[in-house]
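Which chain is which? The protein sequence lines are A and B, in order.
Mapping the first sequence onto the numbering used here, position 145 (from 1) lands on 145, and the numbers just tick up by one.
Mapping the second sequence onto the numbering used here, position 47 (from 1) lands on 47, and the numbers just tick up by one.
Calculated directly from the structure, the hints in this document are not laboratory data.
The beta carbon of each residue, even a glycine, is placed where N, CA and C say it ideally should be.
One or more of the hints may lead you astray.
[To be verified] What the simulated footprint calls covered on chain A by chain B, stretch by stretch (three residues with Cβ under 8 Å from a Cβ of chain B suffice, anywhere in the stretch; the number is not a length): (1) 7–17; (2) 46–52; (3) 195–207.
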Amino acid sequence: MSQALVIVAHGSHLNPDSSTPTFDHADTIRAAGAFDEVREAFWKEEPSFREVLRTVESEEVFVVPLFISEGYFTEQVIPRELRLDGWDVAEWDSDGTDASHVTLTAADVEKTVHYCGPVGTHDAMSDVIVQRAQSVTGDPDVGEGFGLAVVGHGTERNENSAKAIHYHAERIRESGRFAEVEALFMDEDPEVDDVAEFFESDDVVVVPLFVADGFHTQEDIPEDMGLTDDYRTGYDVPATVDGTDIWYAGAVGTEALMADVILERAADAGADVRDAISRVRAETGGAVGD
Amino acid sequence: MDASLFGRFRTATDYVRDWSTWRDLPETRRAFLRWVEGADDLDIEERYAALRGDGIRRRWGQLLLTVSLERGHRSYDLRHEDDADRSTDELTTHDDPLDARHLATEDDDGRYRPLKTAPTLRTGWVFPDLSGEEVVEAIDYFYPATVANWHREREGALDVTHWRETAERQTGIYDVVDELSGEQVEWLAQSCCVDSQCLKRRMWDEEEGAELDVPRGEGAFPCREPCSLVVAAARKWTTLEREEAREYTFTLTPSEKEQVEDLVDAVADGRVGEIREADVYEGANRYRARYLRAKRFDDEGNLSGVPTDDEEAD
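Based on the sequences and whatever the hints tell you, model everything.
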């Protein structure tokens, strides 16, 4: 039976770069040849969630949300707009980071839809954060003597938003690779503004857990951390703030290894993509993981 | 072989070729590619003569497809309709259908196109030799889901979702859009959904049996539901429409009143960029607008010195 991968992401009416990581990861997966079709769909761009399933010809479709946390989009908007019959968030049996997949049908097409949890809460995402730290420092062994800050948006409306950040911070901390690991936030305590205060290390890598670069990762966070007074003038990597060298990585979602997490989600839902995962890892530098 | 015998042989070969071309294709793609070359309208000899000659052309939004037979196989040339008469050498050539994504992102002025079916597709490129599968893939990146919805419509199975149902389904920050009245939905469609703004043919109305007066458009492919841009615009209109109208008294000359109307028209019709620098006869000319502002706005930017809110007058 032919199988399609549909990557669903937010997209933007205003920012043409919002969809770039989605297209890049889709291209990596296409090149790996695991699926008969790979298609991108967006909440704010086209094809819309509402119409994407009719654009693929395969009978079996794996839908992977390129979102960071479980919540409004993964639990309400995406299943509703895809018209997933019988969707019930309880079937994910998740406490905020455990959603794996559920198999349903969609009301407007005759296809089997495997609806997966978001990439942001998959265990493999911890590897991408570490890979991002390697990319920004240019050091494949980065860790010793370095602090790592995993930064989330944070919002009081969705407690799961912070859970994903804490989850990966804890996993990386347990691995013992970095001297210190902290979870920081834009809109709640502990705040990224005072990043240097949370670390004793002289070097800190800051990785925002965002899908795409945009207003938050390119303007807000660099200015809040004091890397620059005006984002338009740019900032150094590393930049020294209060005596600490801050290695600011930008959105983790732009890291090539994200393609691996998308494949892992589909594999967990039963897609036959193991060979492709090996190829994608080899190509995107992701030697870590099990 | 005499000419008539050769002709009969070729026709027989064409029947076989035609059959083998279409037999294994998925239904939607087959229907579309057959429509491109008029397979339901032209007889096979006529059609193959055209395919061997200059090819058969079809327009799809602003796209121009030309299918021809090259070395016995169908070859599809895909380009902007405005580039119809330009030679391939004058255009940037592409062979990967995925390039369509990038070609569709910005218009000729480098501005982002959030709506793929806006009539602002950039020019200057060509896919000179795509297969049938590739041309459908490219089209689906230029105009996502249009082939699928066109096919559903032809089969009498287009699932139209009207405004009320779409509005009532919304949650979060879009939950409010169901407040718009029927008249306001007319204005919404008039602002966003006419041919000058979008090439889809609007098939949705306020609700089943409550048709909007706004023209549906002439497009080849249908619009089966208000899109995300329309819903996002509706959210803004909804909050603006919550305001009560009030009376203001402005002092303007007759020409200044008409200038204000010209300004709104020029912005609404996207003509601002076309108005020449020194054409002060145009109401929306920049110098004319600057003169009006210098004369009629106070230091706070209030038209005729009239404050927007009463409190400002205190």
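Which of the numbered hints above does this structure break? 3
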